[in-house]
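Those sequence lines, one after another, are chains A and B.
The first sequence begins at 1 in this note's numbering and counts up one residue at a time.
The second sequence begins at 1 in this note's numbering and counts up one residue at a time.
In case anyone wonders, no lab produced these hints; they're calculated from the structure.
Check the hints yourself; a few may be wrong.
Restricting the straight-line Cα-Cα distance to at most 35 Å, the calculated cross-link-like pairs of lysine-lysine (DSBU-like) are [unchecked claim]: (1) B/LYS179 x B/LYS144; (2) A/LYS333 x B/LYS165; (3) B/LYS144 x A/LYS77; (4) B/LYS316 x A/LYS392; (5) B/LYS392 x A/LYS316; (6) B/LYS392 x A/LYS32; (7) A/LYS32 x B/LYS250; (8) A/LYS326 x B/LYS165; (9) B/LYS326 x A/LYS250; (10) B/LYS316 x A/LYS382; (11) B/LYS46 x A/LYS392; (12) A/LYS165 x B/LYS32; (13) A/LYS316 x B/LYS372; (14) B/LYS382 x A/LYS316; (15) A/LYS32 x B/LYS32; (16) B/LYS165 x A/LYS46; (17) B/LYS179 x A/LYS326; (18) B/LYS316 x A/LYS372; (19) B/LYS32 x A/LYS250; (20) A/LYS326 x B/LYS236; (21) B/LYS46 x A/LYS316; (22) B/LYS77 x A/LYS46; (23) A/LYS236 x B/LYS46; (24) A/LYS179 x B/LYS372; (25) A/LYS236 x B/LYS326; (26) A/LYS165 x B/LYS46; (27) B/LYS372 x A/LYS326; (28) A/LYS165 x B/LYS333; (29) A/LYS304 x B/LYS179; (30) A/LYS46 x B/LYS392; (31) B/LYS326 x A/LYS165; (32) A/LYS333 x B/LYS250; (33) B/LYS32 x A/LYS83; (34) A/LYS32 x B/LYS316; (35) B/LYS316 x A/LYS46; (36) A/LYS46 x A/LYS77; (37) A/LYS32 x B/LYS236; (38) B/LYS316 x A/LYS179; (39) A/LYS179 x B/LYS236; (40) B/LYS46 x A/LYS382.
Protein chains: 2
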Amino acid sequence: MTSSVRKYQNFTEWFDELLFSAEILDNRYPVKGFAVYKSWGWRIIKRIIDMIEGELEAAGHEPVLFPVVIPEDAFSKEAEHIKGFHSEVFWITHAGDRALGRRMLLRPTSETAMYPLFAYWIRSHADLPLRIFQSVPVYRCETKATRPLLRMREFLWNEAHTAHKDWDDAERQVREAVKIYETVFDRLGLSYLILKRPDFDKFAGAVYSLAFDAWNPDGRVNQIGTVHNLGENFAKAFEITYEDVDGSHKNVVQTCYGLGLSRTLAAIIAQHGDDHGLVLPPEIAPIQVVVVPIPYKGFEEDVKEYSRQIYERIRKSGLRVHLDEKEIQPGEKFYYWERFGVPVRVEVGPRDLKEGSVTLSRRDTLERMVVKSDEMVPSILKLFEDISRNLKERSQAALKSMIIDVEDLKNLRIVIKERKIARISWCERVECAERIKEYSEGEVRGHLFNIDEKPDRPCIACGGEAKRVVYVARAY
Amino acid sequence: MTSSVRKYQNFTEWFDELLFSAEILDNRYPVKGFAVYKSWGWRIIKRIIDMIEGELEAAGHEPVLFPVVIPEDAFSKEAEHIKGFHSEVFWITHAGDRALGRRMLLRPTSETAMYPLFAYWIRSHADLPLRIFQSVPVYRCETKATRPLLRMREFLWNEAHTAHKDWDDAERQVREAVKIYETVFDRLGLSYLILKRPDFDKFAGAVYSLAFDAWNPDGRVNQIGTVHNLGENFAKAFEITYEDVDGSHKNVVQTCYGLGLSRTLAAIIAQHGDDHGLVLPPEIAPIQVVVVPIPYKGFEEDVKEYSRQIYERIRKSGLRVHLDEKEIQPGEKFYYWERFGVPVRVEVGPRDLKEGSVTLSRRDTLERMVVKSDEMVPSILKLFEDISRNLKERSQAALKSMIIDVEDLKNLRIVIKERKIARISWCERVECAERIKEYSEGEVRGHLFNIDEKPDRPCIACGGEAKRVVYVARAY
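Please work from the sequences and hints to get the whole structure.
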């Protein structure tokens with residue numbers, strides 16, 4: 001980074017400056033909440049897309065692409081859903097100079113685009129389960145302050161939608177979806193809480209919602225994924241029924257889940273990045289290895305030639321490698337590629353030339369080591385593993401250190417103000433959640449999905465009997 | 001195909017039925033001109049995207065993603081451009097219940113989204129050439145009848161945009177773009193004419209336009225790609241200037257080019273398909289090889305086991321293979337996979353089992369051959385080459401046979417009616433092109449870009465001196 005902005009001291013500035021200087025995104029697009037993904041950022045997102053789509057396909061989901069526009073009548077069919085979204089949808093009302101016969105909206109999510117077609121596609125139990133996904137931008141006119149990647153009016157996600165013969169099979173699908181998302185986030189080295197959202201905060205139209213809240217250096221959690229059991233709510237509204245083996249006609253039970261691509265990229269930047277710039281997991285780095293020649297007077301040509309051999313050797317091993325032959329100082333190149341988060345740098349100097357070695361530098365710790373050129377590729381692969389493991393461990397330690405047990409509202413306010421996530425006991429009443437928010441600015445985000453934590457204290461707000469251990473944090 | 005609709009007898013029905021039965025697209029989405037890409041179709045398009053993006057990246061273009069919305073003031077900056085598009089853009093006027101302060105449109109193409117940012121990105125000659133691309137849907141409210149894949153209000157394309165220091169470098173880029181598109185279309189076995197469009201039909205805002213017109217069985221050409229030299233028109237409107245080596249400030253010269261993904265898929269279906277269904281080039285087939293066991297009484301388990309070995313062997317070679325173990329008759333499976341256009345079928349029967357062989361069937365000619373299982377993978381790879389070559393040759397022969405030299409308007413009308421492409425001489429006057437269209441329903445599509453054809457007859461319409469040999473056809 002060219003400036004002295006620090007990640008933990010001023011996250012917002014650090015983040016925005018890094019998005020710009022590492023060419024992730026250009027926020028100067030002349031519409032609020034809409035931004036331009038530049039090549040480095042977009043290449044990373046494409047790799048995240050490949051990752052989630054690969055996992056979904058392996059688990060029996062099929063790729064599709066639905067239109068971006070939804071007709072108003074389809075959007076209005078499920079009562080809770082429209083209530084939840086109507087205040088923030090973008091309306092298309094005209095084409096050329098002509099007013100449209102009926103308005104259309106840009107998808108804020110695709111239930112009401114997809115489910116009219118589900119009613120055609122599903123006839124019998126043999127058509128179930130139906131599992132599809134798409135990776136697309138969605139549109140929500142957020143009234144809160146927009147933030148690049150974290151809170152956009154156009155943001156990128158992967159959404160999956162499934163239909164099942166009964167509640168049990170839908171529940172099985174929910175668990176599978178959670179596993180798929182865990183796999184993806186773990187491959188990216190991210191740390192998060194999997195929370196069951198309180199009833200008042202579930203997805204509009206769902207029976208219940210689970211969410212992946214990733215930690216952020218400023219203490220505001222970043223919801224990177226959600227999984228919803230929709231029950232029969234949409235099936236009833238869209239008349240999605242099937243003929244069962246016994247000839248009876250039944251509603252399907254549905255689930256849907258979304259993984260925020262923009263927000264996952266934000267989490268990667270925020271959790272792994274440091275004051276030198278991005279730190280990318282090797283699996284998604286557009287360039288995994290950069291080769292930097294260190295020329296020395298009298299050996300310029302020899303170093304150049306040796307660097308090219310080294311580059312060719314790495315390239316042939318199938319890694320994504322770049323040879324930086326620009327006419328600038330090696331030190332400038334070091335800073336440049338550190339800012340872009342390239343996992344491993346290979347320095348090739350006169351001494352390496354003489355000894356048939358190279359110097360490897362890993363981005364996460366900035367440690368350097370000298371290896372013989374014959375051992376170079378295996379050493380790089382080993383470094384990739386070490387980096388991936390270290391990123392994950394570092395991130396998990398950070399999350400752990402952010403969670404603070406809190407017993408009273410006064411301390412809650414302090415803990416939230418200190419950018420932590422509070423662990424409290426709660427009676428499950430909305431009034432108490434509201435009081436918590438009013439007093440601390442933290443939101444009740446829900447209780448752990450995968451661990452049953454028993455409250456051993458009364459509700460932090462009313463002192464009444466607590467039903468749940470829940471996590472409270474500010475959120476994007 | 002389940003019905004007896006024939007490609008050359010009733011193209012429209014044949015095409016629509018195949019889109020549905022081969023699960024390319026579902027046209028029942030409740031908004032005119034918007035359709036749902038189903039998994040088989042979307043998987044093919046994703047491979048076409050990989051192909052064009054790979055070629056563009058290899059030629060120095062960078063991937064980006066721009067917003068789908070364009071503010072009205074940016075859209076209105078280039079006079080010719082807005083004139084050309086304003087009647088067919090979709091307008092977003094409201095968010096929730098609030099009217100927007102200024103209207104936004106859905107991109108019909110991205111010049112006016114991108115070029116305000118070009119003005120930020122380009123400062124000096126060192127920033128040039130700038131070459132970017134994106135694969136996205138675009139939106140045009142066509143007033144003509146919509147047709148699935150061929151004429152949609154939402155269609156998919158890859159668009160590239162470049163900026164250069166001068167006209168010569170832009171001209172070099174135009175030739176490179178043509179070469180890139182030729183490479184992609186050739187890999188897909190498609191045949192087309194590369195035409196320089198008449199001035200009255202060029203892209204709104206361009207100095208000139210080139211277009212790839214692919215042949216279609218119904219004689220209506222399908223524009224699958226276009227390449228435009230924009231000169232300084234947009235640079236002036238958006239103030240995109242750079243400081244040259246001598247310190248002077250100059251406008252950039254721009255080009256842009258688009259490859260229609262929906263229309264390229266339409267051309268693949270239309271040119272290669274037959275009355276049994278799709279015929280896919282092996283490179284883009286989602287499944288390249290299907291293994292079908294032919295069980296025989298008493299040998300059911302042995303055939304199953306041998307089929308699995310065969311499947312494993314193909315899978316390990318890296319090909320996209322599917323083993324069809326469904327409990328239906330082999331003949332049904334043959335029809336099914338032929339409809340989906342899978343290039344090679346591997347039949348495994350009791351005789352194959354005994355002799356250590358398999359029976360290969362190629363989709364393009366439906367020919368069958370028996371090979372030893374040790375030679376199977378090389379034989380399949382050889383078949384892929386043969387199929388690719390045959391598709392290309394067949395398609396080229398079809399195009400050649402569709403082009404008819406015509407000397408007078410009466411014959412022109414007959415030739416167009418007979419679903420051919422007419423080759424005529426023209427004086428280059430708009431009135432004559434209008435007369436040609438009025439009389440024959442064919443449009444003057446332009447003259448060959450890569451071959452200089454000298455007219456040796458007078459203008460077909462006015463009898464005056466002809467300037468160009470041009471091609472006339474109906475078009476989508």
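Hints, verified against the model:
1. B/LYS179 x B/LYS144: Satisfied, since the Cα-Cα distance of roughly 32 Å is no more than 35 Å.
2. A/LYS333 x B/LYS165: holds (27 Å)
3. B/LYS144 x A/LYS77: holds (31 Å)
4. B/LYS316 x A/LYS392: OK: B/LYS316 and A/LYS392 at ~32 Å, within 35 Å.
5. B/LYS392 x A/LYS316: holds (32 Å)
6. B/LYS392 x A/LYS32: Distance of about 48 Å is beyond 35 Å: violated.
7. A/LYS32 x B/LYS250: holds (31 Å)
8. A/LYS326 x B/LYS165: holds (21 Å)
9. B/LYS326 x A/LYS250: holds (26 Å)
10. B/LYS316 x A/LYS382: holds (26 Å)
11. B/LYS46 x A/LYS392: Holds - the C-alpha atoms of A/LYS392 and B/LYS46 are around 32 Å apart, at most 35 Å.
12. A/LYS165 x B/LYS32: Status holds; Cα separation ~32 Å.
13. A/LYS316 x B/LYS372: Status holds; Cα separation ~33 Å.
14. B/LYS382 x A/LYS316: This hinted pair holds, its Cα atoms lying about 26 Å apart.
15. A/LYS32 x B/LYS32: Holds, at roughly 30 Å.
16. B/LYS165 x A/LYS46: Distance ~31 Å between B/LYS165 and A/LYS46 Cα, so the pair holds.
17. B/LYS179 x A/LYS326: Between B/LYS179 and A/LYS326 the Cα gap is close to 29 Å, so the pair holds against 35 Å.
18. B/LYS316 x A/LYS372: Cα-Cα ~33 Å, so holds.
19. B/LYS32 x A/LYS250: Distance ~31 Å between B/LYS32 and A/LYS250 Cα, so the pair holds.
20. A/LYS326 x B/LYS236: holds (33 Å)
21. B/LYS46 x A/LYS316: holds (26 Å)
22. B/LYS77 x A/LYS46: holds (32 Å)
23. A/LYS236 x B/LYS46: holds (34 Å)
24. A/LYS179 x B/LYS372: violated (43 Å)
25. A/LYS236 x B/LYS326: Given that 35 Å is the threshold and the Cα spacing comes to 33 Å, the pair holds.
26. A/LYS165 x B/LYS46: At roughly 31 Å apart (the allowed maximum being 35 Å), B/LYS46 and A/LYS165 satisfy the hint.
27. B/LYS372 x A/LYS326: violated (54 Å)
28. A/LYS165 x B/LYS333: holds (27 Å)
29. A/LYS304 x B/LYS179: holds (33 Å)
30. A/LYS46 x B/LYS392: holds (32 Å)
31. B/LYS326 x A/LYS165: Holds. B/LYS326 to A/LYS165 sits at ~21 Å (cutoff 35 Å).
32. A/LYS333 x B/LYS250: Satisfied, since the Cα-Cα distance of roughly 31 Å is no more than 35 Å.
33. B/LYS32 x A/LYS83: holds (26 Å)
34. A/LYS32 x B/LYS316: Judged against 35 Å, a Cα distance of about 50 Å means the pair is violated.
35. B/LYS316 x A/LYS46: holds (26 Å)
36. A/LYS46 x A/LYS77: It holds: about 34 Å lies between the C-alpha atoms, which stays within 35 Å.
37. A/LYS32 x B/LYS236: holds (25 Å)
38. B/LYS316 x A/LYS179: holds (27 Å)
39. A/LYS179 x B/LYS236: violated (53 Å)
40. B/LYS46 x A/LYS382: holds (33 Å)
When held up to the earlier numbered hints, the structure conflicts with 6, 24, 27, 34, 39 and fits the remainder.
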